[in-house]
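Chemist: For reference, the chains in residue letters:
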Amino acid sequence: DQQVKQNSPSLSVQEGRISILNCDYTNSMFDYFLWYKKYPAEGPTFLISISSIKDKNEDGRFTVFLNKSAKHLSLHIVPSQPGDSAVYFCAAAGNEKLTFGTGTRLTIIP
Amino acid sequence: NAGVTQTPKFRILKIGQSMTLQCTQDMNHNYMYWYRQDPGMGLKLIYYSVGAGITDKGEVPNGYNVSRSTTEDFPLRLELAAPSQTSVYFCASRRGLSFRFEQFFGPGTRLTVL
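Protein chains in written order, with the working numbering: chain Z, 1 to 110; chain Y, 1 to 114.
Don't take each hint at face value.
Stated by the list, open to error - Examples of chain Z residues toward chain Y, derived with CB under 10 Å:
(1) G16
(2) G43
(3) A93
(4) L98
(5) G101
Calculated from the structure, these hints are not laboratory results. For glycine and all other residues, C-beta sits at the position ideal for the given N, C-alpha and C.
For reference, chain Z alone in the conformation it holds in the complex:
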């Protein structure tokens, strides 16, 4: 039972344009959501997070939106840069643990 889903395994975006990565969850008990970025042969690194009491959190080029009624969150990257090419995981927090999605591989085309 996949409680956190990232339905797009891959996404290609032109440099300078907006990248939008999506994530859906099924467990309404999740109260905090995070995005992680992962380069090959490295561990995931924390990118941005949002509490369930908010609907938007912004940090530089990265913005996370949360729609609780739809159980959906998205990560917007604008403008996209070549260094943003990586695998992005969304994660949901509950009971001191994180549940991860399967990841979306983002490729930024120069």
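Chain Z is fixed; fit chain Y onto it per the hints.
Modeler: Relative to the frame of chain Z, chain Y by itself:
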């Protein structure tokens, strides 16, 4: 700070062998976690610990054991390795403040069981 360190980086095991994956963090974090990542999949939680002497099972604990005798170290033991345990293993830690859920990850150990 070195953050979260894991050894070894790579290992090949034969079926039935045992090994311990080491994980150490120098951030004085209370919470530590072990995950495995299979190709095309997300990270699955194997075991976690909320402090020295306290461990609990995650989503996929079968075939693994852990111990937490100090705040810094959280080794993962594989007994009787099987091909299904071929994966990349990540250790992570977290401070434990209720409003901060960010986990810090090590670089991973790539394990192949033949």
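Chemist: Each hint: holds or not?
Modeler: Verification of the hints:
1. G16: Because about 29 Å separates Z/G16 from the closest Cβ in chain Y, which is outside the 10 Å limit, the hint is violated.
2. G43: 3 Å, holds
3. A93: With a closest approach of 4 Å, the Z/A93 hint holds.
4. L98: 6 Å, holds
5. G101: 5 Å, holds
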